[in-house]
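J.: Sequence:
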Amino acid sequence: MRITELLKQESIGLNVSVSTKEEAIDKLVDLMAAGGRLKDKAGYKEGILAREALGSTGIGGGIAIPHARWRQ
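The sequence shown begins at 70 in my numbering and counts up one residue at a time.
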């Protein structure tokens, strides 16, 4: 599977302003839902939080790539 198959324009947020990591994750979940890719927002957020507990997905410069496996 290619990343281009997962992302839709509606799922991309540029110049997003958040104050906390939780706000950022909530925004991510909302963006993925807006792209029509989620059936279970709460389950997806739970997966994101579980992944973040293993280690940050931040890559620097205010950029992160939070992710989780989920079943549709």
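Please keep in mind that the hints were generated in silico from the structure rather than gathered at the bench. Ideal Cβ positions, reconstructed from N, Cα and C, are used throughout, including at glycine. Incorrect hints may have been included.
Claimed, not checked - Pairs of lysine-lysine, DSSO-like flavour, derived with a Cα cap of 27 Å:
#1 LYS77 / LYS96
#2 LYS110 / LYS96
#3 LYS108 / LYS77
#4 LYS90 / LYS77
#5 LYS110 / LYS77
#6 LYS90 / LYS110
#7 LYS90 / LYS108
#8 LYS96 / LYS108
Said to hold, decoys possible - Taking CB as the label site, the calculated pair distances span:
#9 LYS108 / GLY129: 13 to 23 Å
#10 ASP95 / ARG138: 30 to 40 Å
#11 GLY104 / THR126: 26 to 36 Å
#12 SER86 / ILE128: 12 to 22 Å
#13 THR89 / GLY129: 29 to 39 Å
#14 ASP95 / LEU75: 24 to 34 Å
#15 THR73 / ILE128: 14 to 24 Å
#16 ILE128 / THR89: 27 to 37 Å
#17 THR89 / ALA119: 24 to 34 Å
#18 ALA133 / ARG106: 17 to 27 Å
#19 LYS108 / GLY130: 11 to 21 Å
#20 ALA122 / LYS96: 26 to 36 Å
J.: Going back to the hint list, which numbers does this structure go against?
T.: Of the numbered hints, 9, 10, 11, 13, 14, 16, 17, 19, 20 do not hold.
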